[in-house]
Amino acid sequence: MATPGKRPERSGSPAAPLGFAVIPVKFSEKHQSPHFLYVKEHKVREDKDHNRPQNNTLFVLNVPPYCTEECLSRLFSGFGSVQSVELCEKPMLGEKKKPPKTKFFGATKPLGFQVAYVVFKSPAGVQAAKSVSTDEPLVISSNKHPVQTGIQKWIANYAALIVNPVELKTEVDAFMQAYDQKIAKEEAKAEKEDGVPDEEGWVKVTRKGRRPGLPRTEAANLRALEREKRKRARKELLNFYAWQHHETKREHIAQLRKKFEEDKQKIALMRAQRKFRPY
Amino acid sequence: MPEEPEREEGLEGEEGDASLSKEGRKPRARKRSSASEGILQPVKLCKAELYKPPTNEELSRLKETENLFHSNLLRLQVEELLKEVTLKEKRRQKIDSFLHEINALLSKIPEAPERDITDQSWLPKGLKVPLLQLPFVVKGKFRFLPPAEVKVVGSYLLGTCIKPEVNVDVALVMPREVFQDKDNLNQRYHRKRALYLAHVAHHLAKKKLFGSVKFAYMNGNHFKPIVLLQPQGKDAKTVTVRLYACPAQDVFKPSRLHPNKNNVRTAWFTEKDSPVTGAIEPPTPHYNNSILWDLNMASNLVFLSEAASGFQGMRDGVCLLKVWLHQRELDKGLGCFNGFLASMLVGYLLAGNKINKVMSGYQVLRNALHFLATTDLTTSGINLSKNMDGTLPSLSDFHKAFQVVFVDPSGRVNLCADMTASTYKQIQLEAKRSMEILDDKTVDGFQLVFMTHKPLIRTFDHVFHLRHVSKLQAACKKMKLLNELMDHGGNYVAATLPFLLRLLERGLGRRIVLLTHTLPQTPPWSISEDPPKHRDIGSLSFGLLLSLDFATSILERGPEADRPEAVEFRQFWGPRSELRRFQDGAICEAVLWDAPNVSQKRLIPEQIIRHLLQLHMDIPDSSICYTGALLESVIKMGREPAGTGEEAMVSLIRSYDDLSRKLWNLEGLPLTVTSVQGAHPALRYTDVFPPVPVNPDYAYHARIKDCESLLPLAEKPCPAYIAPMKVLCHMEGSGQWPQDKEAIKRIKAAFQLQLAELLKQQHQLLCRPAPTHTDVFKDGYVFRLQVAYHREPQILKEVVTPEGMLKYQDNPESQQLELETQHLPFLTSSLHGLQQQHPAFSGTSRLAKRWISAQLLSDSLSEECIDLVAASLFLSPAPFTAPSSPQVGFLHFLHLLTTFDWKNSPLIVNLNGDLKDTDYVEIQNHFVATRLQLPVMFIATPRDQRNSVWTKEKPSAQILQRLLVLALESLRVLEEQLMDPLGSQDIKMVFRPPLDFYDVLIHLNPKQIPRHLEAVDKPVMSFSRGMIKSDAVVKTLSFPVVDYDPVQCYLQELQEAFSEFALFFYDKYGGEVIGVLWKPSAFEPQPFKVSNMRGRMMSSVGTDPLTVPNVQAILEDFGILGEGLVKSVEARTEKWSI
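Chains A and B are the protein sequences, given in the same order.
Just so we're on the same page, our numbering is the position in the first sequence counted from 1, plus 1.
Just so we're on the same page, our numbering is the position in the second sequence counted from 1, plus 22.
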């Protein structure tokens, strides 16, 4: 597909792997050693996600932990105007369904190295990004746009964790209202279907209704089996025939032998570990 | 027995040997493979092997082990041990030939002419008489004649000689002509004996045969020098031949040596000319006994060889006893219980028909231990003599003269003459413990009884040393012990020891279970050196086993003031005794010890000992080195007198109890609170530095107005760390709870809000709700309330199979929740209970945590796991006793870590005693069957028998390995320091981690370390951290900064970003440095993969597209991520290269 990225002049800067272009980035002007972003056109066969149009989207590997979405969008706006940036922990298909937006119950943000999908407004942005010269690393945190790390960031995080009870309450109430409605709807549906045969004539038995059935759980199944077994054991006579008597004796000796073998094995192991040197 | 040959191969039935050997071969092949892996595997035997008809031999063996031993294991183990310690045939041959040569040499020693004993000029230059000759002047003449007889005596002849120190005792019988009348007086016999041996040693030293010829004291007894001979060259270690000298039979009249008789004249001993006429000379039982011992040496040997003949069990039993004694450090030194005594004891049991000659060694051992455990030789001595002759001294005569009585077959010699009552009590206690262990089916008795070394420092709760024993000489004078001194030939240590022990035992009273001491020993010395003085035994160490109930009481209540005993009490305690009025109206003499907190109370025995030794024996404070609480300085916090945190935890638990009462009685909740459970280490007394009440300084922080919360300021030092204490609040189950996990989360959040609201309304507590918890600020503590619903883990586990079956499957989320809401509260309450039974648990666990953290491993091991290991020390302390002081608890902890076989055995912690014998077997079997899937460190508890939830994630095998290495080294160093009263005793040494092990060091800025004051070495400079004194009365309106530790935030970011490249190590209690260790696997070049490009770059070397870590950038990232916290990143590039 695309040509490999230009070989950087600076010694020690490595090449890009096949299909990728390399963009060095560093945190600020005073830092020396850059990280290398590996970028490529986003091209996946089955992904028909309209959030990531095939031609306009740039796939970015190896995004350092302190890079935020805003910061990436600023970095890449040099190549063309950026429509959206999406950071994920690992490459994946576009999200199937978004979970409902929640301020308080969402997952925590990943903190390590990530991958990003940068969507440009036009395909030109993608090409520009791929053919950028790698001489001078891009700078993530400048005086104009500082990126918070360390103490500053942790204090901000701490402040963000303090929630406003009123907001929390409204969100919880809204969710529970929707949930109650959903449950009520399901129950109404179940009640309507109770005792009514479907088109093939089957009647669904639920735990509710007039004649509740056994719950179909694994535990209940096991319990039933156990009960059967006990019933059978109760009926059996253990010391009735002479051979049963012999059998138990034989079994006893076999047990002793087995124990003996086990112990011998243990001893051999201990001997190997020199466990018998008392001092 | 059932014979069913039709199913077997049938033919082998008769040929027992063939079948046995075949049976033996197969498993051995399997064994080799498993031994090479070092992991036990479940045994699988084929049916044919299991069910073939047994031979008679096999049957009887199986039956015997079933009945006699608990298992084959013990029997096999004992057999292996005996094989290991007994002498091989080849070695015996070498020793025999060596003995023959010695015998030949001894008969060739030339005579020496008769001279005065005091005229020692005939001895060659460079040879010193191996006896302290004080006073020097004695009458009598000595001439050397070659020994009348040379015979091998003792263990070698009986076959009870054990490795590693193989000693062969040879007795030289001094001819009658050497002695004169009255040689029994005034040490004349001993002088002659010493001269005799000196002459022998001198002649042997000239021979090439010997690698070394030395003198030593027999069992530390200064009267009895012996000559030690070792062969030349590389055989030096094979054997030590010890030459004893003893007089020919009937040289002395035994009746003169009766324990009531005097044989050392006071006038001679004190070097005063005229004897005080009319004064009765005091008896000298020890002196007499030492002569009698030599006289009866031969006859005792005859007794023993009679007992041992045709009695293999006795040999094995004595060997086992000797190993047992050696592990307990009881078999050497003055007043020891040596192998000879052990043999005599077995002989006694045989003579009394307590054992018979068909018994096995193990049975002999059990009987001997049982006898020791149940018989108190200090009050009811035993006598081997059958002779009821009236001329022999009676047992009561012996009891009057000696502390421990065990009379030999002649009826005259007390074999335990030098033993102190304390030593015997110790033996008794050990025997009792050992019997308990051997009867306990849940432990590996063999390992604990025979293979575990029990040094003083690890066995006793408190240990103290007398730095300079010479101080005891003055004590002799103070206590008027001239007679005893005379009896012991001037050995003031032996003379004062019984008195010192009696004094302390009386003073400590009920506080101790046992007081014991090390047995004084002197190393062998070269024949050209002067014999060691009495003070050369170095320091004398004493061990105390504390009794839980009384050790820490601060009051010593004496008799009522008007009773006659009061005078005696006052005398005993001296100025510390005072009159006090008690609540019952009585006015009594009493001693009140000064101890404001628990850690000081633990040291009351120290106060008593120092006071009594000073008062009665003039031993100054400076010569007593008391090691009971030296380690505690690392868990002390706050201003002097700093406690070790027990008080802090009690007060916070009080506050917690109050909170839980308030929660139960909260009005207006839609569902009631069913239980409130603590889950924080401080609530089970195991938090290293328990939270203290805080009072934040508003001026120091930023504030969020609408939430009434304080915020840290970046430019100021980080505020002091406030740990939130997690408290679980279980809500009643009800049909109202939704059955969907997302909905449950919301409902729980709603409860949090409501709890906060109600607590504020009804109890005016400052609360701050969050979706998952509510922080409550109460009495200066912050509690983190967490609502729990008991069915939630169940709901998280629900999975519907394609057939529509509802299944419960563990998943990480449900396991985490179970851990938090079920296991953790259970653990917390169990350990809280354990602390009530064993007050030293808290200190032990905290010292252990402090040490692990100090070694930078706190993140690699869960706190709960350490708590459980510490708890196991108290629940199954064998072979030790449950620790009563944190110091010995910590030593046990290190010892357990290093000696426990983590690979092949589960550590079973029987919390609340809920596990029965069958459970133990089940756990063991399950463990062996699924070893490879289980965590490297497996800890089973009653509620968690199969999974070991607390060690699942960590530690990893490498970390455990590292931990064991560190523990081994720390234990060694620490015990050396604690046992060396003359050293520097800088015990913090084991709490300072070696840093040269790490590849990169990240140095942190102390300003931003909130727990900086908790460091092992307290920082010189400290920062103000925004707290005002807790006693200042300020109405708190804003919530303090809770659970904010920048270092932990930083570590978390490092972990998440770089966990594939490196491991990070940190001491969370105020460490100033983070150690980074590169993972070698990450540094190998790898092919390019989209999923594996975090922090890596393409390698510029080679043509293949390989990736390597971008180390330079990563090192810079360390600094970037920790902006403001990191002082410098020190890359030790010499340690690694890419």
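It is worth saying that the hints were derived from the structure and are not from the lab.
Predicted model only: the values in this text are computed from it and were never measured.
Mixed in with the good hints, there may be bad ones.
Stated by the list, open to error - Here are the simulated DSBU-like cross-link-like pairs (lysine-lysine), alpha carbons at most 30 Å apart as the crow flies: (1) Lys829/B / Lys186/A; (2) Lys276/A / Lys112/B; (3) Lys260/A / Lys819/B; (4) Lys183/A / Lys170/A; (5) Lys110/A / Lys819/B.
Claimed, not checked - So these bits of chain A aren't anywhere near chain B, every CB distance computed over 10 Å: (6) Glu87; (7) Lys145; (8) Ile152; (9) Glu263; (10) Lys265.
Even glycine gets a Cβ: it sits at the ideal position worked out from N, Cα and C.
Structure-based check of each hint:
no.: 1; hint: Lys829/B / Lys186/A; verdict: holds, 25 Å
no.: 2; hint: Lys276/A / Lys112/B; verdict: holds, 23 Å
no.: 3; hint: Lys260/A / Lys819/B; verdict: violated, 39 Å
no.: 4; hint: Lys183/A / Lys170/A; verdict: holds, 20 Å
no.: 5; hint: Lys110/A / Lys819/B; verdict: holds, 25 Å
no.: 6; hint: Glu87; verdict: holds, 16 Å
no.: 7; hint: Lys145; verdict: holds, 18 Å
no.: 8; hint: Ile152; verdict: violated, 3 Å
no.: 9; hint: Glu263; verdict: violated, 5 Å
no.: 10; hint: Lys265; verdict: violated, 6 Å
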